[in-house]
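**Student:** One-letter residues, chain by chain:
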Amino acid sequence: MWQTIRRLILPTAILLLGVGMWVYGARQHTQPVIEEQEMTFLEPDPNAPPFDPFGDPFPGAPPFDGPPEFGPPGEFVPPPPPPMIPVTVLADVVERNAEPLLIRDVTIGGLVLSDSGELRRTYTGEPPSLCPT
Amino acid sequence: MASMARKSKSLAARLSRYRAWFQATFLAVWLDPLLLRLHHVCGPVFHCHSCPLALFACPIGVMGQFGALSIFPFITFGTLVVVGVAVGTFICGWVCPFGFLQDLAARVPTPKFELPAWAGYTRYGVLVGMVLLVPFLFGVEHPLFFCSVCPAGALEASVPHVVSAGWAGESIPWPSAAKLVVLAAFLGLIFFTWRPWCTLFCPLGAIYALFNKVSVFFLKFHPDRCNDCNLCRTMCRYTAKGQRRADELRCIRCLECTRCQALTVASDFVPSASLEGEAQHAGS
Chain X
0 MWQTIRRLIL PTAILLLGVG MWVYGARQHT QPVIEEQEMT FLEPDPNAPP FDPFGDPFPG
60 APPFDGPPEF GPPGEFVPPP PPPMIPVTVL ADVVERNAEP LLIRDVTIGG LVLSDSGELR
120 RTYTGEPPSL CPT
Chain V
0 MASMARKSKS LAARLSRYRA WFQATFLAVW LDPLLLRLHH VCGPVFHCHS CPLALFACPI
60 GVMGQFGALS IFPFITFGTL VVVGVAVGTF ICGWVCPFGF LQDLAARVPT PKFELPAWAG
120 YTRYGVLVGM VLLVPFLFGV EHPLFFCSVC PAGALEASVP HVVSAGWAGE SIPWPSAAKL
180 VVLAAFLGLI FFTWRPWCTL FCPLGAIYAL FNKVSVFFLK FHPDRCNDCN LCRTMCRYTA
240 KGQRRADELR CIRCLECTRC QALTVASDFV PSASLEGEAQ HAGS
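Here the protein sequences line up with chains X and V, keeping their order.
Under numbering that gives the first Met the number 0, the first residue of the first sequence is numbered 0, with each subsequent residue one higher.
Under numbering that gives the first Met the number 0, the first residue of the second sequence is numbered 0, with each subsequent residue one higher.
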């Protein structure tokens, strides 16, 4: 009886356990990984001249030649937005990576555990080709 | 009577004569002939993933690296459990490329010495200490981390990369001195004993050996067919001494012993007739 159990039920149960672990690892198991990524965003151009509310509102127009005639009050016109330029910086981005991707990364030494206990990718862009060990 | 050996013509006994061909065929698979580089999953054998021709990730390397990252490797354990419970150490004897290398070296006619009977247990020290504990406690930079001294990594990865870098005139990525010493010792030993790496150090074989007790396919000893001819013990070269127990830890299931009719490959999931085949009682 014990032999039958050992030879039929136990292998089946362990086999199912292994398949379950494999499927869970491949489809469900993820880990947060910090990765430096290049991020591009727009910010005001620091070299642009500051907005002058009393400046020439119509560059190129004929010069001022007298006070304007009184008329109905005009609507408030907001100042024009400052000129923006694209800026690219390296920023830490946290992504949840599936286990197959983690396996691929450890084969090339692409993951380290930081002092704070977080996973950090060691490269940006093209992965290294060699395991450091 | 020792001279009345019961020779078997079972399927296993017939297959065992072609074991080297099976190993060579699997080697061709592990060397990634289609350049698939499936490094997102682990293979079932001991083959360094840094090898330029590695199809899968090495399960032992991934296990150690994941330990250093404090992650449980579900895919790796799943692979080892499924393969282990299906066939146990058949993987070592028939599929593993590193075992094949040692089998080829053992064919060189040099004097061979036998390793002591307790030798098979040192693998568990390697598994627990160098694969699991050292990377988990000290990280992968520790000199005792398994991959830092692994001769498979040295032979399959470091040597090709050193040669290719030297050939291309680039800076040479020298492996550590410890790795080179272990590689040199390994290359020396394989000519003077049978499968020294598998017997003494292989952590993957240690894991598979644990499944020999419960694997779907196993070696079965038939006491009623045994006449103590000792053929099985004579045929066994791997310190397992006849595999008269199905759960023998040091057995690599090369099936040499199944040439005696008293030992067969068995499974409770497969009809025994299909595995045992025709057997005959032959005097020799």
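These are calculated hints, taken from the structure and not from any lab test.
For every residue, glycine included, the Cβ atom is placed at its ideal position computed from N, Cα and C.
You may find that some hints are simply not true.
As the list claims (entries may be wrong) - Derived Cβ-Cβ restraints for the label pairs, each shown as a range: (1) V:P32 - X:I4: 15 to 21 Å; (2) V:P32 - X:L15: 29 to 35 Å; (3) V:T109 - X:E94: 51 to 57 Å; (4) X:T123 - V:A167: 21 to 27 Å; (5) X:V86 - V:P32: 33 to 39 Å; (6) V:S163 - X:E117: 34 to 40 Å; (7) V:V180 - X:G124: 34 to 40 Å; (8) X:L89 - V:V269: 56 to 62 Å; (9) X:Y23 - V:P115: 55 to 61 Å; (10) V:I171 - X:L7: 54 to 60 Å.
Stated by the list, open to error - What the simulated footprint calls covered on chain V by chain X, stretch by stretch (three residues with Cβ under 8 Å from a Cβ of chain X suffice, anywhere in the stretch; the number is not a length): (11) 26-34; (12) 74-80; (13) 187-196.
**Student:** All hints, please: hold or fail.
**Tutor:** Hint check:
{"no.": "1", "hint": "V:P32 - X:I4: 15 to 21 Å", "in the structure": "43 Å, violated"}
{"no.": "2", "hint": "V:P32 - X:L15: 29 to 35 Å", "in the structure": "33 Å, holds"}
{"no.": "3", "hint": "V:T109 - X:E94: 51 to 57 Å", "in the structure": "54 Å, holds"}
{"no.": "4", "hint": "X:T123 - V:A167: 21 to 27 Å", "in the structure": "25 Å, holds"}
{"no.": "5", "hint": "X:V86 - V:P32: 33 to 39 Å", "in the structure": "48 Å, violated"}
{"no.": "6", "hint": "V:S163 - X:E117: 34 to 40 Å", "in the structure": "35 Å, holds"}
{"no.": "7", "hint": "V:V180 - X:G124: 34 to 40 Å", "in the structure": "37 Å, holds"}
{"no.": "8", "hint": "X:L89 - V:V269: 56 to 62 Å", "in the structure": "58 Å, holds"}
{"no.": "9", "hint": "X:Y23 - V:P115: 55 to 61 Å", "in the structure": "41 Å, violated"}
{"no.": "10", "hint": "V:I171 - X:L7: 54 to 60 Å", "in the structure": "55 Å, holds"}
{"no.": "11", "hint": "26-34", "in the structure": "violated (count 0)"}
{"no.": "12", "hint": "74-80", "in the structure": "holds (count 7)"}
{"no.": "13", "hint": "187-196", "in the structure": "violated (count 0)"}
The earlier numbered hints that this structure contradicts are 1, 5, 9, 11 and 13.
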